[in-house]
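Taken in sequence, the protein lines are chains P and B. Heads up: the first sequence begins at 1 in our numbering, then just goes up one per residue. Heads up: the second sequence begins at 348 in our numbering, then just goes up one per residue.
If you're looking for bench data, these hints aren't it; they were derived computationally from the structure. Ideal Cβ placement from N, Cα and C applies to all residues, glycine included. Do not rely on the hints blindly, as some may be mistaken.
[To be verified] Computed cross-link-like contacts, DSS-like style, restricted to lysine-lysine with a CA-CA straight-line distance of at most 25 Å:
1) 470/B <-> 281/P
2) 268/P <-> 628/B
3) 121/P <-> 281/P
4) 468/B <-> 615/B
5) 268/P <-> 130/P
6) 628/B <-> 615/B
7) 268/P <-> 39/P
8) 468/B <-> 628/B
9) 628/B <-> 281/P
[To be verified] To list a few chain P residues with every Cβ distance to chain B over 12 Å, as calculated:
10) 39
11) 88
12) 294
13) 297
14) 301
15) 332
Below, each chain spelled out in residue letters.
Number of protein chains: 2
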Amino acid sequence: MRTALLAAATALALSFPLAAQEEPKGAPAPAEIVAAAPKADWVAIPAEDLLVMTLAPDAEGNPRTVVIQLMPAPFSQGWVHNIRLFARSGWYDGISVNRVQDNYVTQWGDPNYDNPEATGKPKPLPEGLKVMTEAEYVVDYLASIESGIDIPFDEEDPFFETTCVSGGYFGQDGKFVELEKSCSEVEKWPPASSFGWGFPIAHNARRAWPVHCYGMVGVGRNYSPDTGSGAELYTVIGHAPRHLDRNIALVGRVIEGMEHLSSLPRGKGALGFYTAEEAGKRTPITSVRVANDLPVNEQPRFEYLSTESATFATYAEAIANRRDPFFITPAGGADICNIRVPVRRVP
Amino acid sequence: MRTALLAAATALALSFPLAAQEEPKGAPAPAEIVAAAPKADWVAIPAEDLLVMTLAPDAEGNPRTVVIQLMPAPFSQGWVHNIRLFARSGWYDGISVNRVQDNYVTQWGDPNYDNPEATGKPKPLPEGLKVMTEAEYVVDYLASIESGIDIPFDEEDPFFETTCVSGGYFGQDGKFVELEKSCSEVEKWPPASSFGWGFPIAHNARRAWPVHCYGMVGVGRNYSPDTGSGAELYTVIGHAPRHLDRNIALVGRVIEGMEHLSSLPRGKGALGFYTAEEAGKRTPITSVRVANDLPVNEQPRFEYLSTESATFATYAEAIANRRDPFFITPAGGADICNIRVPVRRVP
Chain P
1 MRTALLAAAT ALALSFPLAA QEEPKGAPAP AEIVAAAPKA DWVAIPAEDL
51 LVMTLAPDAE GNPRTVVIQL MPAPFSQGWV HNIRLFARSG WYDGISVNRV
101 QDNYVTQWGD PNYDNPEATG KPKPLPEGLK VMTEAEYVVD YLASIESGID
151 IPFDEEDPFF ETTCVSGGYF GQDGKFVELE KSCSEVEKWP PASSFGWGFP
201 IAHNARRAWP VHCYGMVGVG RNYSPDTGSG AELYTVIGHA PRHLDRNIAL
251 VGRVIEGMEH LSSLPRGKGA LGFYTAEEAG KRTPITSVRV ANDLPVNEQP
301 RFEYLSTESA TFATYAEAIA NRRDPFFITP AGGADICNIR VPVRRVP
Chain B
348 MRTALLAAAT ALALSFPLAA QEEPKGAPAP AEIVAAAPKA DWVAIPAEDL
398 LVMTLAPDAE GNPRTVVIQL MPAPFSQGWV HNIRLFARSG WYDGISVNRV
448 QDNYVTQWGD PNYDNPEATG KPKPLPEGLK VMTEAEYVVD YLASIESGID
498 IPFDEEDPFF ETTCVSGGYF GQDGKFVELE KSCSEVEKWP PASSFGWGFP
548 IAHNARRAWP VHCYGMVGVG RNYSPDTGSG AELYTVIGHA PRHLDRNIAL
598 VGRVIEGMEH LSSLPRGKGA LGFYTAEEAG KRTPITSVRV ANDLPVNEQP
648 RFEYLSTESA TFATYAEAIA NRRDPFFITP AGGADICNIR VPVRRVP
């Protein structure tokens with residue numbers, strides 16, 4: 001995440017280190033705002049919410065570790081429970097990365113599960129897994145209010161509406177052509193975006209749900225009504241696939257080591273799955289541990305910038321309106337997935 | 348791109364090939380709509396608009412080729428002219444990939460340019476390069492109309508407005524807190540999105556400009572007023588960095604071989620640049636050729652789905668409202684960068 005913050009700060013101005021050109025003065029870049037945040041703005045992530053995933057060393061023998069932060073209540077807690085159970089039973093040990101699809105996902109799990117080309121038997125699942133319903137992809141506001149979470153109910157904001165696809169395009173002859181309108185009964189797009197509990201959240205008048213931003217971790221499933229157990233996980237390695245929001249469970253995000261998942265070779269099979277000929281490309285996952293179970297001196301410690309803080313509000317606004325020296329025209333706004341909640345390791 | 352289309356079609360339902368579970372019937376997926384398009388909907392890309400970039404073979408000795416489609420008029424033509432000039436003069440031969448920043452860009456150029464750690468001298472630039480102004484990052488509508496492009500001028504759509512960042516976030520205690528409003532004079536966000544000449548285009552009442560979607564190719568530059576020559580190019584390998592729109596020139600997109608750029612090892616230096624110790628990671632670029640200059644039987648041929656076609660309108664709507672079997676809740680809309688214009692190789 002640190003690399004991403006530096007990126008947000010200095011952008012492409014520095015095509016190469018500017019030995020010759022002095023950096024102009026200007027408004028602070030987003031990363032500078034974060035760097036200046038007081039200690040009190042940072043929130044420690046509980047060790048119970050951290051997964052330490054160790055991959056096999058790379059071709060040069062370098063170790064590869066990925067750290068995942070699990071979402072806190074009230075989101076996806078059934079799946080989060082299962083994931084801790086999988087990790088604690090050692091079920092994840094020895095699974096592999098089986099799918100890498102460019103501009104979409106890296107996915108990992110048991111390579112022998114439901115796979116006609118499997119070379120072994122599927123691993124029996126551990127006892128005590130919960131089964132979730134599709135209703136749990138989202139958090140119901142009314143139920144949340146009863147549990148003490150106060151989310152504004154907007155009576156003027158209808159949940160459903162007849163929405164028509166419109167707009168237009170420029171034809172080959174340069175003429176602007178209106179798109180044939182197509183209407184259907186769906187929810188308003190885009191939903192409102194917010195940050196909650198340190199994560200990107202979308203919501204409408206009645207429900208809230210996590211957003212499939214880059215690095216978010218979700219639960220693979222089969223067709224409805226299957227909702228997935230947590231045996232199969234994936235992370236987003238491209239432009240946020242928002243069409244998956246509310247259709248599949250999101251359980252957390254990668255907070256360190258993302259490059260070990262995003263730079264893997266893409267699979268040549270359908271959907272980026274590795275074919276039988278590519279079995280050698282399946283990156284082995286040696287172990288997945290809940291940080292809380294590691295010896296205390298081995299537990300990684302991380303903190304995130306509180307989305308309640310004034311620093312975060314300033315940071316988000318600076319991303320929406322870049323005024324630091326490289327920029328000429330501020331955008332006037334930003335997509336929720338471009339406002340990445342800062343997370344850092346605590347030494 | 349074909350892999351991306353299959354992805355759009357079948358999503359994560361197929362955690363593994365569903366040997367056991369029969370695929371339910373339902374509405375066609377976006378890729379199925381594209382596959383059914385009549386031949387007449389496909390537009391050939393001129394050989395003059397195609398760059399064939401050959402990278403050094405990978406560690407297993409496999410060849411790696413990237414094909415880039417250059418943008419047509421009226422966008423970025425000064426830089427596009429320069430890029431053809433660089434390619435035709437052989438200037439790109441022997442440069443390298445020098446920067447890979449996770450969730451941002453892969454960038455390539457002369458590793459000896461403005462680099463204190465350079466081991467050689469910078470390559471002299473070829474003669475005949477054009478110098479562009481910042482005004483050319485966008486296309487002016489009024490000038491476009493004079494040149495025959497008819498883009499609607501919306502008198503009710505002010506170019507600038509006072510915009511305030513608002514919204515809210517959920518605090519640790521679950522309470523929804525309104526973000527401190529921050530106002531500035533900027534353009535309305537988000538700008539309207541359309542497709543023009545086969546590319547994703549944003550526009551307001553007076554100007555149009557290309558959008559930094561995944562795979563789009565842009566021109567590295569130093570601080571304003573430098574606008575870059577085309578010696579330094581990059582492609583987006585993460586969530587679309589829309590804050591770069593109108594601040595830097597976009598010149599095209601990768602239409603084949605994207606995986607050869609997106610799966611490269613990330614640089615450990617600032618902004619993802621390779622450090623001196625990582626010199627061995629700089630992927631060499633053997634050559635860049637304009638397809639039109641290759642022997643006719645070696646010229647790759649590509650076509651894109653016309654954004655004027657009824658097929659494309661149906662495809663875009665299906666992406667905005669997924670009703671194919673995997674999905675439960677259609678999103679009701681889509682970000683322009685999730686509506687990828689289909690491009691395919693012609694055998």
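We went through each hint and held it up to the structure:
For the hint pairing residue 470/B with residue 281/P, the CA-to-CA distance comes to about 38 Å; that exceeds 25 Å, so the pair is violated. Restraint check for residue 268/P and residue 628/B: satisfied, since their Cα atoms lie roughly 24 Å apart, inside the 25 Å limit. At roughly 20 Å between alpha-carbon atoms, residue 121/P and residue 281/P fall within 25 Å of each other, so this suggested pair holds. Straight-line distance between C-alpha atoms of residue 468/B and residue 615/B comes to about 24 Å, which keeps the hinted pair within the 25 Å bound.
Restraint check for residue 268/P and residue 130/P: the C-alpha separation of about 34 Å exceeds 25 Å, so the hint is violated. This hinted pair checks out: residue 628/B and residue 615/B have alpha carbons roughly 11 Å apart, not beyond 25 Å. A hinted pair counts as satisfied when its Cα atoms are at most 25 Å apart, and residue 268/P with residue 39/P does not qualify at roughly 46 Å. Note on residue 468/B and residue 628/B: the hinted pairing holds, with a Cα-Cα distance of about 20 Å set against a maximum of 25 Å.
A distance of roughly 20 Å separates the Cα atoms of residue 628/B and residue 281/P; the hinted pair therefore holds under the 25 Å criterion. Listed as outside the interface, residue 39/P is consistent with that label: its C-beta sits roughly 16 Å from the nearest C-beta of chain B, beyond the 12 Å cut-off. With a closest Cβ-Cβ approach of about 23 Å to chain B, residue 88/P is found to remain outside the 12 Å limit, as its non-interface label requires. Once the 12 Å rule is applied to beta carbons, residue 294/P is consistent with being away from chain B; the minimum gap is 25 Å.
Chain B leaves residue 297/P outside its interface by the beta-carbon criterion, the shortest separation being 26 Å against a cut-off of 12 Å. No Cβ of chain B comes within 12 Å of the Cβ of residue 301/P; the nearest lies about 18 Å off, and the non-interface call holds. Annotated as non-interface, residue 332/P brings its C-beta within 12 Å of a C-beta of chain B; the closest such distance is 4 Å.
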